[in-house]
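K.L.:
Sequence:
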Amino acid sequence: MRLLDRYEEIVGHQEVERLRRLAQRLAGKRIVHVNSTRSGGGVAEILGWMIPLMEELGISARWEVITGPPEFYRVTKAFHNGLQGLPVSLRKSDFDLHYQVNRENAQRLNLASDIVIVHDPQPIYLPLFTPPGQVRRWIWRCHIDASRPDRSVWKYLEAAISRYDAAVFSMPAFARPLACPMFLIFPSIDPLSDKNCAIPETERLDVLARLGIDPIRPLLLQVSRFDRFKDPLGVIEAYRLLHPYYPEMQLALAGGPADDDPEGAEVLREVLDRAGDDANLKVLLLPPDSHRTINALQRSATVVLQKSLKEGFGLTVTEALWKGKPVIGGACGGITLQVHDYHTGFLVHSAAGAAYRIRYLMRYADKRQRMGHTGHAFIREHFLLTRNLRDYLTMLLRLDHPDATVI
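Last residue of the sequence shown: 407 (our numbering), numbering continuous.
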């Protein structure tokens, strides 16, 4: 059975036929996606399913990864923080290093194509160093909240964006004034992936036993990189505020390393120090391919948290809602598109607020279940990969035919 036939069972015949009709008009197009890592984070996961589906639809799609020395990733992490509004201190040599790594990768990577889609700041200067005629059209895809960036970072990146034919953001609020056409595309999840498919009950219980988690007692869960913007220390604080009321409560903080995030090890050390010797608090450092483990954890959770302070979109929220779990999330970024108070979960601004909302969900199991059901239906309608791919295909057609009716 082809991939699209399997998705048709979930999203319906009409949605899949719409994809096929759009792709027919792009048949033979050569598309290259470029990002900074093949594992760790939502961008890599999205590209992992998007490339095969584009191929099945008759579009030639490839995935290239920019590489550089460790210092390069320290600089691009600062770009990420600066885009999200954190003050950063960068020297001219830092910008020069980023420039040079992009130059070297433009010579190394196979970018010859009709369209190159560059994801986030790491490879943003590739158009400057790619020979004329090798690429027909460049698109920059920003997965980060760039609404109030550090001025020096944005000035440097904006100079690169001037060479692009279009830019894509995840939310209207994330966009910046640009001369090129801008598009809005929400990220999404793959419902058939190991992370989101249905799993046997025996497997779920085996995962919990292996991780030392009691399947009977309530479980709070946050799945995310060990990143300060994900506020793992705030999650621990909320859990400890709950302890007098629910001493049997368990907390699991599950995350893994991302190849392009040099701060992760430092944040992990801070989390382990704060966790101490609490037997009910599990800090789980998982390898990049632990998709079924994360699946089992999300299906086992009583309540899922994503207490981010800044967030591009928050696909871990999407995953939890798909599994019928209410989510308590930080009131920021794409979390606000997915979590709606009293419908799919609660938005919060503090550890105390998170603890208060967890108590509510613990007290009212029927409302917890109703929110989970609503969340699953909401994700099915808005945030599955077929809609994401449809948006990409529509954008590409719109760029080719700006005055035509696409669908």
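One thing to keep in mind: the hints can contain errors.
As the list claims (entries may be wrong) - Below, a list of computed lysine-lysine pairs in the DSBU-like style, where the Cα atoms sit at most 30 Å apart: (1) K367 <-> K323; (2) K367 <-> K282; (3) K29 <-> K92; (4) K77 <-> K92; (5) K323 <-> K282; (6) K155 <-> K77; (7) K282 <-> K77.
Unchecked claim - Simulated restraints, written as ranges between beta carbons of each label pair: (8) E15 <-> R363: 35 to 43 Å; (9) G212 <-> R20: 44 to 52 Å; (10) L285 <-> P69: 22 to 30 Å; (11) N110 <-> R398: 20 to 28 Å.
Calculated directly from the structure, the hints in this document are not laboratory data. As the structure is a computational prediction, the values presented were derived from the model and not from experiment. Positions of the beta carbon are idealized from the N, C-alpha and C atoms, including for glycine.
K.L.:
Sort out which numbered hints this structure fails and list those numbers smallest first.
P.N.:
3
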